[in-house]
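Trainee: In case you want the letters, here they are:
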Amino acid sequence: MSQGQYVAAAYGVVFAFVLVYVAIIAAKLVRLQRETAELLELVRRKDAAARRDPAPVVEARSEA
Amino acid sequence: MSTSAIRSVPGLALLTAGLMGSALVLALIVVPEDADQGISQRIFYIHVPIALTAYFCFGLGAWKALLLLWRGEERHDLESYVAIHQGTIFGALTLITGSIWAKASWGRWWLWSEDQLVLFLVLFLFYCAYFMLRFSLEDGPRRARSSAVYALFGVVLIPVSFLAIRLAEDLIHPTVFTRDGPQMSGSMFATFCVAWGAVTLLAYVLYRVELAGKRLDADLRDLREALP
Numbered sequence: 652m653s654q655g656q657y658v659a660a661a662y663g664v665v666f667a668f669v670l671v672y673v674a675i676i677a678a679k680l681v682r683l684q685r686e687t688a689e690l691l692e693l694v695r696r697k698d699a700a701a702r703r704d705p706a707p708v709v710e711a712r713s714e715a
Numbered sequence: 242m243s244t245s246a247i248r249s250v251p252g253l254a255l256l257t258a259g260l261m262g263s264a265l266v267l268a269l270i271v272v273p274e275d276a277d278q279g280i281s282q283r284i285f286y287i288h289v290p291i292a293l294t295a296y297f298c299f300g301l302g303a304w305k306a307l308l309l310l311w312r313g314e315e316r317h318d319l320e321s322y323v324a325i326h327q328g329t330i331f332g333a334l335t336l337i338t339g340s341i342w343a344k345a346s347w348g349r350w351w352l353w354s355e356d357q358l359v360l361f362l363v364l365f366l367f368y369c370a371y372f373m374l375r376f377s378l379e380d381g382p383r384r385a386r387s388s389a390v391y392a393l394f395g396v397v398l399i400p401v402s403f404l405a406i407r408l409a410e411d412l413i414h415p416t417v418f419t420r421d422g423p424q425m426s427g428s429m430f431a432t433f434c435v436a437w438g439a440v441t442l443l444a445y446v447l448y449r450v451e452l453a454g455k456r457l458d459a460d461l462r463d464l465r466e467a468l469p
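In order, the protein sequence lines correspond to chains A and B.
Using the numbering used here, read the first sequence as starting at 652 and increasing by one per residue.
Using the numbering used here, read the second sequence as starting at 242 and increasing by one per residue.
These aren't lab readings, by the way, just hints derived from the structure by calculation.
Fair warning: this is a prediction, and the values are worked out from it, not measured in the lab.
Do not rely on the hints blindly, as some may be mistaken.
Computed list of lysine to aspartate or glutamate pairs in EDC-like fashion (alpha-carbon distance at most 16 Å, straight line) [what the hints assert, rightly or not]: (1) A:K697 with B:E466; (2) A:K679 with B:D458; (3) B:K455 with A:E686; (4) A:K679 with B:D460; (5) B:K455 with B:D380; (6) B:K455 with B:E315; (7) B:K344 with B:E355.
Just chain A, with the same shape it has in the complex:
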């Protein structure tokens, strides 16, 4: 290898690291987005179920 190729290799390694890091962060963002969507869907379903079948109102009775 020539001296210039060693220089290119050193800078290339750093550039590749930044690319890999960005790819990892992007993959993580996709996972977080999916988890957020799942949680939102769960909350919406619970909300819809609560509207369909409202919980019976229990009146407080005095024991006295």
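Start from chain A and add chain B according to the hints.
Mentor: Just chain B, lined up with the frame of chain A:
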């Protein structure tokens, strides 16, 4: 991390990209070739800033660990972990770029007889073992405290590794910064400063992004557990 701190990340990332681009142009095109080492000396402008950033990240991790033990605030545990993670990544890059430079200049990828190389490897492996310790314990205050104590022990190795380059007797590893100042021309020093600023800013942006991701992950986990 506050909302305003997260909002500043895109601006800082743009600034980092600009500085990195400038550093590349300066280091590979503008700055004159070194009379002694020739073109391979251009690795200096990426290798040394990365090594200094690795030391800084390990130091930051130890500082956050000290804050955790001192004040007992849980958030410092994650901050210490992310800083050490960054330090390990930049440490690996230091070893790789250093090996490439060694091969180009000395004709060898690694020299076990060089104390400064071996000491940096010891520092790197010490912080690699931090992750083994951390992930062998269950999540909680005990893990946070044990990890913090380990991170603090490692900080002792930072000045030893840093000074080894200056105290080494055989001086195969070049010493550019001496008591008489930087042993290079003004344009070379300016290029080094730009590259150092770019790499430090890159590490800071990556630190903030990783920290925000980990906190978001933890918040989502808590939210999932809170939902009946």
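Trainee: Take the hints in turn and mark each one as holding or not.
Mentor: Now for the hints, and whether the structure bears them out:
1. Between the alpha carbons of K697 of chain A and E466 of chain B the distance comes to roughly 15 Å, so the proposed pair stays at or under 16 Å and holds.
2. Between K679 of chain A and D458 of chain B, the direct Cα distance comes to roughly 9 Å. Compliance with the 16 Å bound is thereby established for this hinted pair.
3. Restraint check for K455 of chain B and E686 of chain A: the C-alpha separation of about 14 Å stays at or below 16 Å, so the hint holds.
4. Distance restraint check for K679 of chain A and D460 of chain B: the Cα-Cα separation of roughly 14 Å lies within the 16 Å cut-off, and the hinted pair is therefore satisfied.
5. Between K455 of chain B and D380 of chain B the CA atoms are separated by roughly 14 Å; this keeps the pair inside 16 Å, and the hint holds.
6. Annotation: proposed proximity of K455 of chain B to E315 of chain B holds, straight-line Cα distance about 14 Å (limit 16 Å).
7. For the hint linking K344 of chain B to E355 of chain B, the alpha-carbon distance of about 14 Å falls within 16 Å, and the restraint holds.
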